[in-house]
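A.B. asks: My request is simple: use the sequences and hints to build the entire structure.
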Amino acid sequence: MFADFNEEIAPEFFKADICIIGSGAAALAILTRLYATNRRVIVLEAGGEQITPENQLLYDVITPYHPFEGARTGRFRVFGGSTTRWGGQALPLDRLDFKQRGWVLHSGWPISYDAVATYYPEVDRFLNVEPVSYFANACALSNEEPLVADAHLELRFSKWSPTPNLRNQYREQISKSGNVMLVKNASVTNLQLTDDQKNVHSITIKNQANKTGRVHAKQVILACGGIENARLLLASNQQLAHGIGNAKDIVGRYLQDHPNAEVGTLLPGRHKQQAYLNYFYVKKTRILPRLFLSEDFLAKNRLLNVNAYVQYQSAADDAFSIAKELYRKQARGELSLQEAKLAMRLVKRLPQLIETAKQYYFHRKVYTPQGIARVNVMMETPPSPDNRVCLSSELDSLGIPKAVIKWQVDPLVRQTLLACTGLVREYFGRAGLGELQLDDWLSRDEWAAHIKDAKHHIGTTRMASNPAEGVVDENCRVHGVTNLYIAGSSVFPTSGHSNPTATLLALALRLADHLLTLPN
Numbered sequence: 002m003f004a005d006f007n008e009e010i011a012p013e014f015f016k017a018d019i020c021i022i023g024s025g026a027a028a029l030a031i032l033t034r035l036y037a038t039n040r041r042v043i044v045l046e047a048g049g050e051q052i053t054p055e056n057q058l059l060y061d062v063i064t065p066y067h068p069f070e071g072a073r074t075g076r077f078r079v080f081g082g083s084t085t086r087w088g089g090q091a092l093p094l095d096r097l098d099f100k101q102r103g104w105v106l107h108s109g110w111p112i113s114y115d116a117v118a119t120y121y122p123e124v125d126r127f128l129n130v131e132p133v134s135y136f137a138n139a140c141a142l143s144n145e146e147p148l149v150a151d152a153h154l155e156l157r158f159s160k161w162s163p164t165p166n167l168r169n170q171y172r173e174q175i176s177k178s179g180n181v182m183l184v185k186n187a188s189v190t191n192l193q194l195t196d197d198q199k200n201v202h203s204i205t206i207k208n209q210a211n212k213t214g215r216v217h218a219k220q221v222i223l224a225c226g227g228i229e230n231a232r233l234l235l236a237s238n239q240q241l242a243h244g245i246g247n248a249k250d251i252v253g254r255y256l257q258d259h260p261n262a263e264v265g266t267l268l269p270g271r272h273k274q275q276a277y278l279n280y281f282y283v284k285k286t287r288i289l290p291r292l293f294l295s296e297d298f299l300a301k302n303r304l305l306n307v308n309a310y311v312q313y314q315s316a317a318d319d320a321f322s323i324a325k326e327l328y329r330k331q332a333r334g335e336l337s338l339q340e341a342k343l344a345m346r347l348v349k350r351l352p353q354l355i356e357t358a359k360q361y362y363f364h365r366k367v368y369t370p371q372g373i374a375r376v377n378v379m380m381e382t383p384p385s386p387d388n389r390v391c392l393s394s395e396l397d398s399l400g401i402p403k404a405v406i407k408w409q410v411d412p413l414v415r416q417t418l419l420a421c422t423g424l425v426r427e428y429f430g431r432a433g434l435g436e437l438q439l440d441d442w443l444s445r446d447e448w449a450a451h452i453k454d455a456k457h458h459i460g461t462t463r464m465a466s467n468p469a470e471g472v473v474d475e476n477c478r479v480h481g482v483t484n485l486y487i488a489g490s491s492v493f494p495t496s497g498h499s500n501p502t503a504t505l506l507a508l509a510l511r512l513a514d515h516l517l518t519l520p521n
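Mapping of the sequence shown onto my numbering: position 126 corresponds to residue 127, and the numbering continues sequentially without gaps.
It is worth saying that the hints were derived from the structure and are not from the lab.
Quick caveat: nothing in here was measured; it's all calculated off a predicted structure.
No false leads were mixed into what you were given.
PhoX-like mimics (lysine-lysine), calculated; alpha carbons at most 25 Å apart, straight line:
no., residue 1, residue 2
1, Lys407, Lys456
2, Lys177, Lys16
3, Lys453, Lys407
C.D. replies: Take a look at the structure:
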């Protein structure tokens, strides 16, 4: 069922067995385990049905160092969270990502790869993607002849959900549930501990009109993103000066993302390049081929985990661009002589449309006419305590200190970037896929200015076996607080090069299973 804290009839006090703070991917996954139980569940969502400027202002951050644009453009305070706007890409972490690596400080997970990987098939079902193995070769999957073998590179892929807006998929279950209530427009402003500081006693909620309420729950799960999870723990400092779970000054530290950049243009080769490197479909699931570097190569060269892929940019005057422009003009009633000229250009490009349609309907492949092949590289961030989320003295409209994001690009990122581009460039040429012309910024001193974040907020409440090294334990429970758990990529000790959603969903399902083993 749904409730709205903005409505006058909405109560100001709530009681539940489990309270989940946030309604994004992690929360929705946990709920799939709880509908058929006798647990009373309340989900607190800070936003409403629609994204509003007022709610988005509550996500304002301060970035004194390297730009961290995803903190502003990749978070949405709305029912469904960022899954209302994400692309839907899924890619599990590698086995390597769970290992302690001597050349990557603070690496290693306290749980095994297998403990997480056992949930990946269920994640595929949750995201509605085809259950093809992520370890399959992309050439075989797309029915192309194999490319030349390489000991250091493998052409694999990520999957894209055909239904990425998860709230649309799971709204009905919430609406019909007798034991789950989702309360919209209920921003959490504070976690109040018991007198002995070993349990969360209550949760303070507030809306934009300054209406205040309180929630009591036996178990509490923070699931509001890699920045907000840390911010809320730090801001709940009335009883503990440094915030909850922060006795060792770790909350907010080890902030990670996926540094990424366009590194060059791949010129045409002797093979049909797009047949190997552009998107293709397996039933309704869109597939993006990616080049992965081998674990042996990464270890030998002391590199971060990394992958490369190609994005085909449409030419300004290709058939689809012209068709879309004509459609927009027609919809606005703006057709004129100029549009007639556009229509004539479209007629001349009909062979492009025919070829694109043929590739999709007969081969299930995406074809971009006159596409410019831009090569992208995405890397992990080495976990550093100096990259962090902390609090500003400036408050938002609800009275919570704004987040300060201190993120800088590590020199090992550049070393990995150059090694990857060199290896990929050599492979493209040898495989007949074309010549990779690298952008000249790669050799400049100001290279870091071209590195972007990927809107993947990771590591700020990292998992560790003891509180001296992390915020949560192997079951995602905050060290020292019996009934407080955290769901999301903020618990990852390392980021890998993979988009984080598949793994955060796996960990969310694992957390839900753990909670169901506890007495109600």
